[in-house]
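Q: Work out the full structure, taking the sequences as your base and the hints as a guide.
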Amino acid sequence: YDAVTPRAAGPVRLALSENMVFAHAVATHSGAHFVSVVELFENATQPTLADMLLHGGRAEDLLPRSAFESRAPFAISAAFYLPAEVTAMGVTQTAKGITPRHLLLALSSGQLLALDKRLIDARRPKGPPTAADKEEGLMQYHPALGQMPLTSYVTHGTLVARPLGVRCSAAIVESTTIAVVYGVDLFASRYSPAKTFDMLGDSFNYVALVVAVGGLAVTTVVTTVLRRRQDVNRLWR
Numbered sequence: 698y699d700a701v702t703p704r705a706a707g708p709v710r711l712a713l714s715e716n717m718v719f720a721h722a723v724a725t726h727s728g729a730h731f732v733s734v735v736e737l738f739e740n741a742t743q744p745t746l747a748d749m750l751l752h753g754g755r756a757e758d759l760l761p762r763s764a765f766e767s768r769a770p771f772a773i774s775a776a777f778y779l780p781a782e783v784t785a786m787g788v789t790q791t792a793k794g795i796t797p798r799h800l801l802l803a804l805s806s807g808q809l810l811a812l813d814k815r816l817i818d819a820r821r822p823k824g825p826p827t828a829a830d831k832e833e834g835l836m837q838y839h840p841a842l843g844q845m846p847l848t849s850y851v852t853h854g855t856l857v858a859r860p861l862g863v864r865c866s867a868a869i870v871e872s873t874t875i876a877v878v879y880g881v882d883l884f885a886s887r888y889s890p891a892k893t894f895d896m897l898g899d900s901f902n903y904v905a906l907v908v909a910v911g912g913l914a915v916t917t918v919v920t921t922v923l924r925r926r927q928d929v930n931r932l933w934r
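Residues in the sequence shown are numbered consecutively from 698, following this note's numbering.
I should point out that these hints are in silico values taken from the structure, not numbers from a laboratory. Among these hints, one or two may not hold up.
Quick list of in silico lysine to aspartate or glutamate cross-link-like pairs, EDC-like style, CA-CA up to 16 Å [said to hold, decoys possible]:
(1) Lys892 <-> Glu871
(2) Lys793 <-> Asp895
(3) Lys814 <-> Asp895
Here are the computed distance ranges between Cβ atoms for each label pair [as the list claims (entries may be wrong)]:
(4) Arg887 <-> Glu782: 46 to 54 Å
(5) Leu847 <-> Ser805: 14 to 22 Å
(6) Lys823 <-> Val709: 36 to 44 Å
Remember, it's a predicted structure, so these values are computed and weren't measured experimentally. Here a beta-carbon is modelled for each residue, glycine too, at the ideal position from N, C-alpha and C.
A: In structure tokens, the structure reads:
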């Protein structure tokens, strides 16, 4: 697959994650920075004769195909304008790959911005989302992301001087990734794209958990003893 982005200039930064390619460039007509997202899909559906008659096609498409035969992927792309210049990009990684991935952007201002995949999804509909789109969490497409909330910045109030690269590594727990930004300075932090769903918070009531488990254990023992006595009394009758 190859594509050309018109009216765009470098420097170009790339990031790859699964079937998604992220490319950062500068619009020549406005000087605005944008990120282009391309999602590649493989259509493995074998067409039938009815599909050929209704939608057209070639007779060769009905012939059996080998799994080793290369096929051109089906691509969906979209572009989104960014609020600042990007100097490096990276994608979050987790131990099992279950947690949704976020795109990490090192900005020229020295901040590390995390973008949810849902914000830069190439499948976002141009018109109002349908019921099926809403089920998948797809929002209506808008070319400008605008100002991002402060919670989207991994660095918070810390600034990294002249960031040059972003690296991510999986942590022991699935919900957390280790994000590192390097340049003149070095910044490393834990980041949870979907929050710490596999960790107990500091406010968790451990006493209530112990009492509940202990109560269930005692109840299980008592009911087992009563059940056995009931069976013995029934047999003696």
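Q: Take the hints in turn and mark each one as holding or not.
A: Here's how the hints hold up against the structure:
no.: 1; hint: Lys892 <-> Glu871; result: holds, 10 Å
no.: 2; hint: Lys793 <-> Asp895; result: holds, 13 Å
no.: 3; hint: Lys814 <-> Asp895; result: violated, 21 Å
no.: 4; hint: Arg887 <-> Glu782: 46 to 54 Å; result: violated, 26 Å
no.: 5; hint: Leu847 <-> Ser805: 14 to 22 Å; result: holds, 18 Å
no.: 6; hint: Lys823 <-> Val709: 36 to 44 Å; result: violated, 26 Å
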